[in-house]
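Engineer: Each chain, letter by letter, is given below.
Protein chains: 2
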Amino acid sequence: MPPYYPVGKLPAEDLDRILRRYASGADPRLLVGPGIGRDAAVISFGPGVLVSKTDPITFATEEIGWYAVNINANDVAAMGATPRWFLSTILLPEDKTDAELVDRIFSGLADACRELGITLCGGHTEITHGLDRPLLIGQMLGETTADGYVSGDGARLGDRILLTKGIAIEATALIAMEKSDEVRTRFSDEFLETCRRYLRQPGLSVVREARLAMETGGVRAMHDPTEGGLASGLREIAVASGVGMLIEEDRIPLLPEPEALCAFYGLDPLGVIASGALLIVVEADRAKPLAVRLGDAGIPVAEIGSVQPPEFGIRIRSKGEITDLPAFDRDEIGKVFEAT
Amino acid sequence: MPPYYPVGKLPAEDLDRILRRYASGADPRLLVGPGIGRDAAVISFGPGVLVSKTDPITFATEEIGWYAVNINANDVAAMGATPRWFLSTILLPEDKTDAELVDRIFSGLADACRELGITLCGGHTEITHGLDRPLLIGQMLGETTADGYVSGDGARLGDRILLTKGIAIEATALIAMEKSDEVRTRFSDEFLETCRRYLRQPGLSVVREARLAMETGGVRAMHDPTEGGLASGLREIAVASGVGMLIEEDRIPLLPEPEALCAFYGLDPLGVIASGALLIVVEADRAKPLAVRLGDAGIPVAEIGSVQPPEFGIRIRSKGEITDLPAFDRDEIGKVFEAT
Numbered sequence: 001m002p003p004y005y006p007v008g009k010l011p012a013e014d015l016d017r018i019l020r021r022y023a024s025g026a027d028p029r030l031l032v033g034p035g036i037g038r039d040a041a042v043i044s045f046g047p048g049v050l051v052s053k054t055d056p057i058t059f060a061t062e063e064i065g066w067y068a069v070n071i072n073a074n075d076v077a078a079m080g081a082t083p084r085w086f087l088s089t090i091l092l093p094e095d096k097t098d099a100e101l102v103d104r105i106f107s108g109l110a111d112a113c114r115e116l117g118i119t120l121c122g123g124h125t126e127i128t129h130g131l132d133r134p135l136l137i138g139q140m141l142g143e144t145t146a147d148g149y150v151s152g153d154g155a156r157l158g159d160r161i162l163l164t165k166g167i168a169i170e171a172t173a174l175i176a177m178e179k180s181d182e183v184r185t186r187f188s189d190e191f192l193e194t195c196r197r198y199l200r201q202p203g204l205s206v207v208r209e210a211r212l213a214m215e216t217g218g219v220r221a222m223h224d225p226t227e228g229g230l231a232s233g234l235r236e237i238a239v240a241s242g243v244g245m246l247i248e249e250d251r252i253p254l255l256p257e258p259e260a261l262c263a264f265y266g267l268d269p270l271g272v273i274a275s276g277a278l279l280i281v282v283e284a285d286r287a288k289p290l291a292v293r294l295g296d297a298g299i300p301v302a303e304i305g306s307v308q309p310p311e312f313g314i315r316i317r318s319k320g321e322i323t324d325l326p327a328f329d330r331d332e333i334g335k336v337f338e339a340t
Numbered sequence: 001m002p003p004y005y006p007v008g009k010l011p012a013e014d015l016d017r018i019l020r021r022y023a024s025g026a027d028p029r030l031l032v033g034p035g036i037g038r039d040a041a042v043i044s045f046g047p048g049v050l051v052s053k054t055d056p057i058t059f060a061t062e063e064i065g066w067y068a069v070n071i072n073a074n075d076v077a078a079m080g081a082t083p084r085w086f087l088s089t090i091l092l093p094e095d096k097t098d099a100e101l102v103d104r105i106f107s108g109l110a111d112a113c114r115e116l117g118i119t120l121c122g123g124h125t126e127i128t129h130g131l132d133r134p135l136l137i138g139q140m141l142g143e144t145t146a147d148g149y150v151s152g153d154g155a156r157l158g159d160r161i162l163l164t165k166g167i168a169i170e171a172t173a174l175i176a177m178e179k180s181d182e183v184r185t186r187f188s189d190e191f192l193e194t195c196r197r198y199l200r201q202p203g204l205s206v207v208r209e210a211r212l213a214m215e216t217g218g219v220r221a222m223h224d225p226t227e228g229g230l231a232s233g234l235r236e237i238a239v240a241s242g243v244g245m246l247i248e249e250d251r252i253p254l255l256p257e258p259e260a261l262c263a264f265y266g267l268d269p270l271g272v273i274a275s276g277a278l279l280i281v282v283e284a285d286r287a288k289p290l291a292v293r294l295g296d297a298g299i300p301v302a303e304i305g306s307v308q309p310p311e312f313g314i315r316i317r318s319k320g321e322i323t324d325l326p327a328f329d330r331d332e333i334g335k336v337f338e339a340t
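Keeping their order, the protein sequence lines are chains A and B. Following my numbering, the numbering of the first sequence begins with 1 at its first residue and continues without gaps. Following my numbering, the numbering of the second sequence begins with 1 at its first residue and continues without gaps.
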């Protein structure tokens, strides 16, 4: 008798086996199907391509609508496409849903769509029995040209690895929103308020930097590191591309608030949920122009490593010493929430 | 203090108000956005159009994967488009999900995709806390040409109203699957088995008939009547198109098994969930060629009424007497399941 799966994503090897057995890959117009390091599907459509993504927001949050648009937009943007049209499926709890809750969710959807220039164009909204909280499943449609997309599997030997903004941005906001009383025992109200605003500043969205990167050129792969943090995001690109990596730990941008919160809770910043940062793998001679372009646009960026041959492995240099990049079976943020 | 909403779709007037306030309609490429009688969104894409639909399956069923593909494909087909690519979000219950359950869901998805020529091209699968059963949210992408789609709002005075296959097909299968012990108290095992097979024969899918209708030409509107049954489906077309209707009750196809089950449970067949039937509103002089075409393909079809001026109202002739078409605030099938 097999054990039941724990909460979270299905184990990658099980999902991989399932997709190999059941996903029909016969359509030549499906340019990018499901797979590790692939943030969205890419479908040939006329002279352009359609990029489609579906991700749910299943944890309880006041910001569920805003979150769903941004999370899905990030994955479409990380494929090099422009997120354009959003459909939502909203499942609401019985005996808890009133007009105010529905209004709050839709106003969050509308805010995020407006911020990103996305059109909310349909979906399905219902009260579903047996739920204790709203669930929101987003479906983002994006577009680009036939040669205008990248995937997570395009990294090549010698490429440079850039990271925007910093790690643990999403984790910082989540902890501040969900654990405010605990955070207040050690930190000031001002600190807490700064952390709460992390969703907007530095911001969860990577849409702008992804677009600027595609415009600048030379991009080989992009990826939106989320669950499992930067370490998992890097590993996914390396595995999908069949390459090694050398990461320089002291170049990884870590802002003061995430650093302080990770220290307080004993979390490894490399393994906490990392939406807000964009990984960009770029041809070596295009790394500098891209960094300049992002800097001019006010988006902090750091070159954090380089692509190595596969036999090098996926490694990190910390204080002069090179070791294997740590692997995280589950997101480090789990430590914060399981204690309650 | 407003009351909480009951289980099911949000009240149409509330959703309408919400969408007016929050749905951004600024994009001229959004050709059909959300609205009554609109089964899916239509987006201009190159020389063609993209038709996108998202619907969840939230009731417990062995067939959740197969169902999700078919329900979403029907809505895309009812817009006149060909359903082509499917993405799924699968939310699975904690402490109940094993590899066998995941396999069963994916094999249902794969079966339905194969039957309909659809490519399964991505999605998201996770174990979600606080669920007592799997939820599956489908996202179907379809395509057609820029002048090759219809909506539920195109009915015009004098048009004919056709209905394929018959009503209560979905309800018949659902009752047989969920209430087999009760059904067996009155009916034979053979009868029960026939009812269970209703999902496949006559079948839940309307994709073939929708395609044949579009090929034959003259289609003004199509709609996939689901919750609230045929009466609600007709009403939605009439309201969306701003027209009246005269329906002939004795021409509405009702197969023997649905008729017997509706009588047994005291359900009005006009108000039970009706997937499997397709409503086609067609120019008067194209009604006959379309009926012949569908008949040749082995798809039963009946002309059940005609489009009238709006001041006529939405009416039905039964045994020679004309009355208002009944309205159903909730699906008649609710009576079967609330008793337990």
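Be careful, since some hints might not be right.
One copy or two, either will do: identical chains are not told apart, so a pair holds if it fits within one copy or between any two.
Once the Cα atoms are required to be at most 25 Å apart in a straight line, the calculated DMTMM-like pairs of lysine to aspartate or glutamate come out as [what the hints assert, rightly or not]:
#1 K319 with D27
#2 K179 with D27
#3 K288 with E311
#4 K319 with D189
#5 K9 with E63
#6 K288 with E190
#7 K9 with D132
#8 K179 with D268
#9 K9 with D111
I should point out that these hints are in silico values taken from the structure, not numbers from a laboratory.
Engineer: Compare the structure with each hint and give your call.
Structural biologist: Hint-by-hint comparison with the structure:
Proximity of K319 to D27 under the C-alpha cut-off of 25 Å is found in neither arrangement, the shortest distances being 49 Å within a copy and 52 Å between copies. For the homomeric pair K179 and D27, neither the shortest alpha-carbon distance inside one copy (47 Å) nor that between copies (40 Å) is at most 25 Å. Neither within a single protomer nor between protomers do K288 and E311 lie at most 25 Å apart by alpha-carbon distance, with minima of 27 Å and 70 Å respectively. In this homomeric assembly, K319 and D189 never come within 25 Å of each other (Cα to Cα): the closest approach is 34 Å inside a single copy and 75 Å across copies.
With identical chains, the CA atoms of K9 and E63 are at most 25 Å apart both within one copy (22 Å) and between copies (22 Å). Neither within a single protomer nor between protomers do K288 and E190 lie at most 25 Å apart by alpha-carbon distance, with minima of 36 Å and 74 Å respectively. Proximity of K9 and D132 under a CA criterion of 25 Å is satisfied in both settings, with 20 Å inside one chain copy and 17 Å between copies. In this assembly of identical chains, the alpha carbons of K179 and D268 lie at most 25 Å apart only when taken from the same copy (18 Å versus 53 Å across copies).
Only between protomers do K9 and D111 lie at most 25 Å apart by alpha-carbon distance; the minimum there is 24 Å, versus 28 Å within a single protomer.
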